[in-house]
Amino acid sequence: MNDQYRNNMHKYGRIFMVMGIIVMFLAPILIWIITGVAPNWAQMIAGVVALSIIYLPGGLIEMMTYSPLLGTSATYLAFVTGNLINLKVPCVMNATEICKTEINTPENEVVSTISVAFSSITTVLILSLGVILLIPLKPVLQSELLAPAFSWVISALFGALGYKYFKGNWKMIIAPMIIVILLSIFIPTFVNGQVIIIILIAAIITLIVSKILFNKEMI
Amino acid sequence: MILYTLAISDVKEAWWLYAIGAFVTLFIISGSLFFAYHANKRSKELNMSRENIKKAVISSVSFSVLPSIGIFIGVITMSGFLGIALPWIRLSVLGALHYELMAADLAVEGVSAANLTVENFVTIAFTMTIAIVWGSLFTLFFFKKYQSKVIDKAATKKETRSFGPFLFQAVFIGLISAYFGDAFSRMFGYKVKEIIDGSYTGNESIETTMVPLIVFVISFLSMMLFDYLVEKKNIKWLENFQLSFAMLIGMTSAVLLGMGGIF
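Protein sequences, first through last, are from chains R and Z.
Be aware that the first sequence starts at 1, since it is given in our numbering, and climbs by one per residue.
Be aware that the second sequence starts at 1, since it is given in our numbering, and climbs by one per residue.
I should point out that these hints are in silico values taken from the structure, not numbers from a laboratory.
Among the hints, erroneous ones may be present.
[Unchecked claim] Subject to a maximum C-alpha distance of 25 Å in a straight line, what follows is the list of computed BS3-like cross-link-like pairs (lysine-lysine):
1) Z:Lys236 with R:Lys11
2) Z:Lys193 with R:Lys100
3) R:Lys11 with Z:Lys232
4) R:Lys100 with Z:Lys232
5) R:Lys11 with Z:Lys149
6) Z:Lys233 with R:Lys211
7) Z:Lys233 with R:Lys100
8) R:Lys211 with Z:Lys236
9) R:Lys167 with Z:Lys55
10) R:Lys167 with Z:Lys41
11) R:Lys167 with Z:Lys144
12) R:Lys100 with Z:Lys191
13) Z:Lys236 with R:Lys100
14) R:Lys100 with Z:Lys153
15) Z:Lys41 with R:Lys11
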């Protein structure tokens with residue numbers, strides 16, 4: 001890794017992150033200033049504490065899990081623009097696969113940055129276009145006919161992406177799949193309600209199995 | 001104090017709230033272009049092929065369209081309760097539909113579109129923004145250290161056979177297995193929270209469905225077919241679009257099942 005380039009990206013990334021946090025707070029602060037109505041502090045603190053019980057450890061796990069896959073600049077970009085698991089991470093996985101780059105290499109840093117940058121631009125442009133064209137679009141997108149398509153967009157995404165990763169790694173996949181299937185049968189609402197924990201469990205199992213296979217020179 | 005009497009409907013659809021939305025959009029586009037510019041410059045120093053950079057751009061844009069439409073449907077879902085502008089802003093930055101709905105519900109429990117006040121609105125906006133910021137703060141303060149102390153060490157072993165790449169592969173496989181579980185487990189049960197006018201009503205039920213598993217499998221098989229066409233039949237242009245097409249086929253199957261009464 002070129003340390004100078006990476007250090008620069010950390011510097012720019014941190015500046016972008018601070019600016020991003022300020023931009024995120026623009027809306028609530030301006031609503032407060034312009035209307036002259038302050039938030040109900042007690043309700044706000046209670047809401048933030050309740051949400052943080054999930055999202056504080058969740059934020060840490062997300063940073064630790066996704067940043068190795070994303071690389072330097074893309075991590076900063078993705079943690080401002082959001083939609084990590086349903087968009088940015090699979091987008092990078094796809095680009096990495098197509099460009100045949102290896103994680104944590106200078107080449108992959110380039111590919112993942114470009115991938116997250118253009119994915120973010122696409123999302124905000126589609127959202128803006130949607131807002132502009134809201135009146136004609138609303139009945140189409142809210143139609144009962146199309147509802148199932150968008151309800152299960154994540155399953156479509158990971159099904160499609162799954163093939164690419166399952167193709168060359170079938171020996172590593174059997175164990176996590178068996179565990180996930182068993183968990184799904186016995187605690188289904190936990191599996192689909194706490195996906196981040198299931199990701200961690202499945203990743204740790206894959207890691208253990210991979211290490212055994214690696215030591216036996218089977219992979 | 002005159003402003004205090006503003007009606008909630010005026011605040012939800014105020015022009016300045018839309019102006020903030022436009023500003024957030026411009027900020028994200030500028031930031032993305034800034035990093036893309038540096039990455040592109042770096043690619044030239046590394047002598048990477050232009051073809052690869054083009055592939056990264058085209059595949060990422062084409063892949064992002066469908067999930068982004070899904071995110072926009074989230075804006076429409078929330079609009080009944082909070083108007084268009086605030087959900088537009090919230091879903092343009094770190095956040096997600098289920099998170100925003102949960103935040104609104106926890107911040108002002110029992111409030112619906114009919115009795116929402118300006119105070120509720122500003123309380124919701126603050127709560128949504130504060131509670132999601134943890135991931136960004138961890139990235140801001142700890143990512144650099146985590147990268148040098150953990151990620152680099154895992155990736156840069158010098159032996160000829162290195163376990164490093166398998167470490168990342170394990171996370172990918174964990175991710176995909178978990179989302180297979182997400183689809184599979186719904187055959188046995190998943191919680192549905194009732195949403196009316198863009199907010200939770202508090203009513204919950206346990207439902208079952210086979211549709212996500214079918215969608216998962218059809219997308220998987222479609223990808224297998226496209227991969228065959230790209231690798232064996234040499235239809236190279238398909239490479240950048242295969243993921244989007246496979247997703248589209250999977251999503252279409254959900255629509256067809258719905259037409260047949262299977263949800």
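Cross-check of the supplied hints:
Taking the CA atoms of Lys236 (chain Z) and Lys11 (chain R), the gap is about 38 Å. The hint is violated against a cut of 25 Å. As the CA atoms of Lys193 (chain Z) and Lys100 (chain R) are separated by approximately 42 Å, the hinted pair breaks the 25 Å bound. The suggested pairing of Lys11 (chain R) with Lys232 (chain Z) is violated, with an alpha-carbon distance near 45 Å, which exceeds 25 Å. Distance hint between Lys100 (chain R) and Lys232 (chain Z) is fulfilled; the C-alpha atoms sit about 17 Å from each other, no more than 25 Å.
Proximity of Lys11 (chain R) to Lys149 (chain Z) is assessed by CA-CA distance (about 18 Å); at most 25 Å being required, the pair is judged to hold. Distance restraint check for Lys233 (chain Z) and Lys211 (chain R): the Cα-Cα separation of roughly 36 Å exceeds the 25 Å cut-off, and the hinted pair is therefore not satisfied. In summary, the hint linking Lys233 (chain Z) to Lys100 (chain R) is supported, as the alpha carbons are separated by about 19 Å, within the 25 Å threshold. Restraint check for Lys211 (chain R) and Lys236 (chain Z): not satisfied, since their Cα atoms lie roughly 35 Å apart, outside the 25 Å limit.
The suggested pairing of Lys167 (chain R) with Lys55 (chain Z) holds, with an alpha-carbon distance near 21 Å, which does not exceed 25 Å. Straight-line distance between C-alpha atoms of Lys167 (chain R) and Lys41 (chain Z) comes to about 34 Å, which puts the hinted pair past the 25 Å bound. As the CA atoms of Lys167 (chain R) and Lys144 (chain Z) are separated by approximately 33 Å, the hinted pair breaks the 25 Å bound. Taking the CA atoms of Lys100 (chain R) and Lys191 (chain Z), the gap is near 39 Å; set against the 25 Å cutoff, the hint is violated.
Pair hint Lys236 (chain Z) plus Lys100 (chain R) holds up; C-alpha atoms about 14 Å apart against a cutoff of 25 Å. Between Lys100 (chain R) and Lys153 (chain Z), the direct Cα distance comes to roughly 22 Å. Compliance with the 25 Å bound is thereby established for this hinted pair. Restraint check for Lys41 (chain Z) and Lys11 (chain R): satisfied, since their Cα atoms lie roughly 17 Å apart, inside the 25 Å limit.
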